[in-house]
Amino acid sequence: MALCVVQCTSLLLHNVLALCPSLPAVGASQIGKLLRVHGQYTRGHTSHGFFAPQVASMFILQLSREGTNDTSRWNGPALWTTGGKTRYIAFLNWLQYLLPDSTNAHTAQRDHVQAILHRIARTEMPPRYGMPTRITVYAVKPVLLGTPNGTGRPELRIVHNETLSINHTSHD
Amino acid sequence: MTELSWVTMLRSGTAFVVLLTFWESWPDHQQLYGTDWWPEATIRWIDGIGLFALYNVLGLMLLLAIFPRMAAAALLILHVRIYLDHAWLTYGFDDMAVMALFYGAVTPNEPQSRWWRLMVQLSLCIVYFFAGLAKALGPTWWTGEAIWKASTLPGFEGSLSPLVHQLSAWTALWMLAGWLVIVIKTFYPICIWIPRLRFTWFCLITGIHLATALVMGLYSFAAIMLVFNTAAFFSRIPILHPYAITGRFRQRARPSHFPEGPPNPTPSDV
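Here the protein sequences come in this chain order: A and B.
At position 58 of the first sequence the residue is numbered 58 (our numbering), and the sequence of numbers has no breaks.
At position 150 of the second sequence the residue is numbered 322 (our numbering), and the sequence of numbers has no breaks.
Check the hints yourself; a few may be wrong.
Unchecked claim - Per label pair, the in silico range of CB-to-CB distance:
#1 A/L144 x B/I238: 52 to 58 Å
#2 B/L339 x A/N93: 23 to 29 Å
#3 B/W351 x A/Q109: 28 to 34 Å
#4 B/L382 x A/T107: 39 to 45 Å
#5 B/A259 x A/T147: 31 to 37 Å
To be verified - Examples of chain B residues toward chain A, derived with CB under 8 Å:
#6 T193
#7 L290
#8 S295
#9 I298
#10 F302
#11 L390
#12 Y391
In short, the hints are calculated from the structure, not lab data.
Note that the structure is a prediction, hence the values are computed from the model and not measured.
Just so you know, even glycine gets a beta-carbon here, dropped at the ideal spot from N, CA and C.
Could you put together the complete structure from these sequences and hints?
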């Protein structure tokens with residue numbers, strides 16, 4: 001019975017807090033700390049907004065490097081399975097923190113995402129002398145509801161663009 | 173045993189789904205988790221064939237009910253270390269799978285108290301209620317925009333995706349679908365407890381999850397939610413275990429004051 005009460009309370013509290021971020025954080029209290037530890041292995045700390053509360057845009061990550069004769073491009077890992085693709089898309093959802101209208105509260109996430117983009121670029125398409133790697137993130141704007149079939153196409157909008165050279169990074 | 177117990181259903185069903193998901197995505201495992209993309213240290217103490225073998229052994233133990241509580245606990249830790257320590261590649265399936273494994277690990281093999289099952293049932297009610305409420309608080313699910321967007325985002329493709337793309341002009345249909353999703357999820361915690369509505373609501377929520385699988389390609393997520401729902405509310409339906417039908421009739425034929433059947437006559441009675 002005690003476990004039932006703790007688990008359900010943990011789920012309830014985290015869902016309420018996810019819906020009302022202005023409420024004082026439960027995490028500040030001792031109870032909150034206990035709940036957090038408990039939630040780590042029970043997913044009691046999951047707020048179920050992940051059931052697509054307000055659907056986010058889809059993002060595309062592209063790396064490119066201009067050579068002397070041609071341009072090399074990387075549009076994502078070569079994944080074979082549905083599960084693998086879903087997990088990669090889950091990562092792409094984090095790129096929403098790069099959107100210009102992302103609030104200051106998300107600065108930490110934005111820095112974290114940028115650090116990962118740099119690591120991906122250095123792993124998949126490392127810059128060379130005189131040949132920097134360009135990191136571009138596109139947001140996909142889907143076809144609007146009500147558009148007659150076959151007349152609309154998804155639009156791409158650049159939300160992040162930076163150049164990674166061997167020694168430094170510059171934002172465009 | 174004439175009926176499949178709910179805890180067996182939860183454990184074996186979860187094991188079946190997580191094993192299938194693991195096998196399906198294994199060819200891409202190294203590509204996603206074995207790279208230097210991530211700043212956090214990934215699970216390095218076991219990798220490659222060792223990880224594959226350990227996950228399979230634990231999953232099969234849970235599926236076949238061999239030391240099921242220990243298997244569920246070990247699989248829970250392994251799943252968290254592989255997938256959830258990597259928040260970047262996590263999605264709803266992992267959260268629900270870990271929750272199911274946790275319940276499978278803590279619940280006794282033959283639970284005497286109804287609190288164990290109530291914990292699973294209430295968790296589902298909370299999950300669905302807040303999922304519905306979060307949708308209802310924004311305007312896009314009411315207009316149908318959100319469900320249209322979710323169904324047509326590139327990258328989420330299921331078997332029915334080509335058909336869905338042809339329905340873009342049917343705005344009323346998408347609006348109705350959005351309303352239905354909100355109503356079914358928000359009122360789940362009420363309707364699932366009303367005996368007359370329970371099966372109907374179970375079918376409706378199953379319909380949502382099947383649609384998610386076929387339209388968005390989220391097969392694993394749909395499967396784990398169906399396991400959860402079935403174990404929480406419907407593991408005692410006869411269709412899951414044919415012998416349950418005969419068991420039920422036999423139980424009804426007994427006099428109510430002899431729940432275990434009539435006592436054997438003693439010599440003094442004779």
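Violated constraints from the hint list, given by number and in increasing order: As far as the earlier hints go, not one is violated by this structure.
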